[in-house]
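Asks: Each chain is listed here by its residues.
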Amino acid sequence: MFNTQKYLDVYNNEDLYSRKKVEYLLKFLKLIVLYSIFVLLINFFNFGYSIIETMKLFIWLTIVALIINLIKQKKLEFAVNIFTIGGIGKAIDLMNAPIAMHFYVHASLIIFIAAAIHVKKYQLYSVFVISYALLVYQAFLPVDSFFYQTAILITSYRISIVIGVFMYILSIRYLSSIIDREIIKAKQLRYISRIDTLTGLNNRLCFNEYLELMNEENSYYFMILDLDHFKKVNDIYGHDIGDKVLRKFGQLLNNTVNKEGEVFRLGGEEFGIFLPNYNINKGLRLANKILNITRETDFDLKTPLTVSMGTIFINANNLKEELKHFYKKADESLYSAKCNGRNQIVQTI
Amino acid sequence: MIKRIIRYFTHIYKDQDENIKTKASHTTFMLLLICLSVVIEVIFGAFFTPTTITDLAYDGIALLLFASMLLLVKKGKIILTGNLFVFAGLMKLIEFFSLTHLHQFYLQCFLSLIVCISIYIKKYQLYLTFFPVIILSIGRLIYVHQLTDIDMVLKSNLLYQIDQATIGVLLFIVIAYFYDLIIRSEISNSRQLKLVSETDILTNLYNRQKFDEVIEEFNQSNIQYTLALVDIDFFKRINDNYGHQIGDHVLSELARLFKNHFNEPDIVFRWGGEEFAIISTETSSDHIFDLLDEFRNYVSEHTFYENITLTVSIGYVISKINSKEPLLIHADKALYRAKDSGRNCVLQEN
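Chains as they are written, first to last, in the numbering used here: chain A, 4 to 352; chain B, 19 to 368.
Any given hint could turn out to be false.
[Unchecked claim] Lysine to any residue pairs mimicking SDA-like chemistry, simulated, CA-CA at most 25 Å apart: (1) A:Lys30 / B:Ile20; (2) A:Lys124 / B:Lys338; (3) B:Lys338 / B:Glu319; (4) A:Lys234 / B:Leu188; (5) B:Lys173 / A:Leu156; (6) B:Lys212 / B:Gln34; (7) B:Lys228 / A:Ser196; (8) B:Lys228 / A:Leu201; (9) A:Lys123 / B:Ile20; (10) B:Lys228 / A:Lys123; (11) A:Lys188 / B:Glu367; (12) B:Lys110 / A:Leu201; (13) B:Lys110 / A:Tyr194; (14) A:Lys188 / B:Arg25; (15) A:Lys93 / B:Lys338; (16) A:Lys30 / A:Phe50; (17) A:Lys234 / B:Lys212; (18) B:Lys351 / A:Lys93; (19) B:Lys254 / A:Lys30; (20) A:Lys234 / B:Lys338; (21) A:Lys323 / A:Ala154.
[Stated by the list, open to error] Now the in silico label distances, taken between C-beta atoms and shown as ranges: (22) B:Pro283 / A:Ile85: 56 to 62 Å; (23) B:Leu159 / A:Asp18: 17 to 23 Å; (24) A:Ile352 / B:Gly261: 18 to 24 Å; (25) A:Phe47 / B:Ile97: 21 to 27 Å; (26) A:Val36 / B:Gly261: 41 to 47 Å; (27) B:Asp73 / A:Leu34: 16 to 22 Å.
Since the hints were made in silico from the structure, they are not lab data.
Using N, Cα and C, we set each Cβ at its ideal position, and we do this for glycine too.
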């Protein structure tokens, strides 16, 4: 019906939690708007036109517009608060009505929805407390004797509400923890499938994703790094030491690159670095820095550890084209570096 | 603390599918909640209403019923428990259908729906809750429309309220369906998470992390096992001569050969770049040598992608009974010796 994707896009780079909550909030807003209109129509059908009910609907639609505006401005917590206040306001409006079944249903719905859309714990708990107070208050109002004809029935009705709503709230609380777990697991999944667990660097899957999301406005400097004679390290010192070396090297790369680019572990002893908006000079300077620091760092081995690199500059003008062949060219340069005696950088021309 | 109680009852589902594991936890929680509510209701009831023996008996039976359902969960009969839940919910709905339980009916609808989406495993359990809720709510609506022995003003108020309440129930059902989607997505994420964290993407074998876990388990228990390390001879040449993509292809093909040759309960892991590990419960020295040597031979005679051939070196060690000694070092030594003695062979470390 209404295109909500554009609101979600504002949260695209935000953490998964906010993005999911916005998704749920928008879904519920749509649902509630439809529900309110539907209820109003049924009302008119049964009981004729009521100007007060129409006014209330318009007030509610204004509140919804305000909430959507707040979402666009990334004020998610505030938006949820307004939504909650609107809901509770409506509940209070429905209180004290004769029979008041509508009130019970509405208050239960508020509790149900709060479990999904709250972003901070206090929002959930305040909904619980306020709704429970309102429901219990309503239960203790005088009831129509047509339905509850004996005192026992009245008391058992009140007990059912007091205990039943409490149990309802506990089960909703449980449900909300399930929802939170869902978001956490989704985040973990994203993380674990994109990170190399040994070094903590981005893995090859992440690398492929990075290629797809590359910005056509930037040019990039790319380097492939391959540790020299790494197999010998594993053979002579054992895999435990080999793992330590890889981890230390990964840290070294991260420290040297220092957030100006992305570091990837592409294979056993192979790494890749993307540097957006670095020209050849700047890129070569950094590559040389890595070369030297690696050689000078103590990896607890008898001989210094060295690395060979193949580097390439990717022009912004022709990004799509260049992305098809850049890896092969950088790999060939790396091969030259290995053949030429290792511990050096070969720049692709 | 609640988690510990739940784990006590769901211990038997530890190795089952994520869906069953999760639903079992939810079922246990809901059962505990209901037992709690019955107890509280009895206490409140005793204080505020005259309680007869029959009332106490009813409550006692209800409590017994739910407690025995907890037992059923512990024994693994999770679907049966779900069915009992659905049945109990249905009975409650019918009990509250009459207008003497005016408001409780809707509360019960909501409770039934929430419990249902948390615990259902089979689709029919879902339908057996949703449809009765819809039918009974609309039934109530129709029933009130037909009422005649009632004051007109009261009836008009009642109709208004019931209309709204019934639409509210329908909305609740839509939202419950939405929650169901979320729960299902959580279960699917859990499944994938488990898979990703223990599987090597390229070869589809278990990865190094899983290996560490399994080795630890074997060490903790006192089962004798054999650990074999398999390393491809001169794999770097394949990568250098044919490129990494073909190298990857060869690795996944080799993984296939592993899976064909080694059956359960033996487990194969991708241990490193071109190294694999096998944990076998076969501990007879002759048998395990034959098994491994057959494989070595099989690989040496197999033609891989692009007519590539290769050989493997295998080093293995059999654990001593009741010894907690880490075998990895010994298997590594055996592998090293195998490489040293000319490769393409199988050697045991003593």
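Asks: So, for every hint listed, does it hold in this structure?
Replies: Cross-check of the supplied hints:
Distance hint between A:Lys30 and B:Ile20 is unfulfilled; the C-alpha atoms sit about 32 Å from each other, more than 25 Å. A C-alpha spacing of about 54 Å is found between A:Lys124 and B:Lys338, which places the hinted pair above 25 Å, so the restraint is violated. Straight-line distance between C-alpha atoms of B:Lys338 and B:Glu319 comes to about 34 Å, which puts the hinted pair past the 25 Å bound. For the given pair, A:Lys234 sits about 65 Å from B:Leu188 by alpha-carbon distance, which is inconsistent with the 25 Å threshold.
About 20 Å separates the Cα atoms of B:Lys173 and A:Leu156, which keeps this hinted pair within 25 Å; it holds. In summary, the hint linking B:Lys212 to B:Gln34 is supported, as the alpha carbons are separated by about 12 Å, within the 25 Å threshold. With a CA separation close to 15 Å, the supplied pair B:Lys228 and A:Ser196 stays within the 25 Å bound. For the hint pairing B:Lys228 with A:Leu201, the CA-to-CA distance comes to about 13 Å; that is within 25 Å, so the pair holds.
Between A:Lys123 and B:Ile20 the CA atoms are separated by roughly 23 Å; this keeps the pair inside 25 Å, and the hint holds. A hinted pair counts as satisfied when its Cα atoms are at most 25 Å apart, and B:Lys228 with A:Lys123 does not qualify at roughly 36 Å. A C-alpha spacing of about 43 Å is found between A:Lys188 and B:Glu367, which places the hinted pair above 25 Å, so the restraint is violated. Using a Cα cut-off of 25 Å, the hinted pair B:Lys110 and A:Leu201 is violated, with the two alpha carbons roughly 55 Å apart.
Proximity of B:Lys110 to A:Tyr194 is assessed by CA-CA distance (about 45 Å); at most 25 Å being required, the pair is judged violated. This hinted pair checks out: A:Lys188 and B:Arg25 have alpha carbons roughly 20 Å apart, not beyond 25 Å. As the CA atoms of A:Lys93 and B:Lys338 are separated by approximately 73 Å, the hinted pair breaks the 25 Å bound. Straight-line distance between C-alpha atoms of A:Lys30 and A:Phe50 comes to about 30 Å, which puts the hinted pair past the 25 Å bound.
For the hint linking A:Lys234 to B:Lys212, the alpha-carbon distance of about 31 Å lies beyond 25 Å, and the restraint is violated. About 75 Å separates the Cα atoms of B:Lys351 and A:Lys93, which puts this hinted pair outside 25 Å; it is violated. Our distance criterion of 25 Å between C-alpha atoms is broken by B:Lys254 and A:Lys30, whose separation comes to about 54 Å. For the given pair, A:Lys234 sits about 31 Å from B:Lys338 by alpha-carbon distance, which is inconsistent with the 25 Å threshold.
Among the hinted pairs, A:Lys323 with A:Ala154 is inconsistent with the structure: their alpha-carbon atoms are about 80 Å apart, more than 25 Å. One distance hint, 56 to 62 Å for the beta-carbon pair B:Pro283 and A:Ile85, holds here, with the actual separation near 59 Å. For the hinted restraint 17 to 23 Å between B:Leu159 and A:Asp18, the CB-CB distance of approximately 45 Å leaves it violated. Between A:Ile352 and B:Gly261 the Cβ separation comes to about 21 Å, which falls inside the hinted range of 18 to 24 Å.
Roughly 46 Å separates the CB atoms of A:Phe47 and B:Ile97, a value that falls outside the hinted 21 to 27 Å. Separation of A:Val36 from B:Gly261 is about 57 Å and departs from the stated range, judged on CB atoms against 41 to 47 Å. Remark: the range hint 16 to 22 Å for B:Asp73 to A:Leu34 is contradicted by a beta-carbon distance near 41 Å.
Checked against the numbered hints above, the structure violates hints 1, 2, 3, 4, 10, 11, 12, 13, 15, 16, 17, 18, 19, 20, 21, 23, 25, 26 and 27; every other hint is satisfied.
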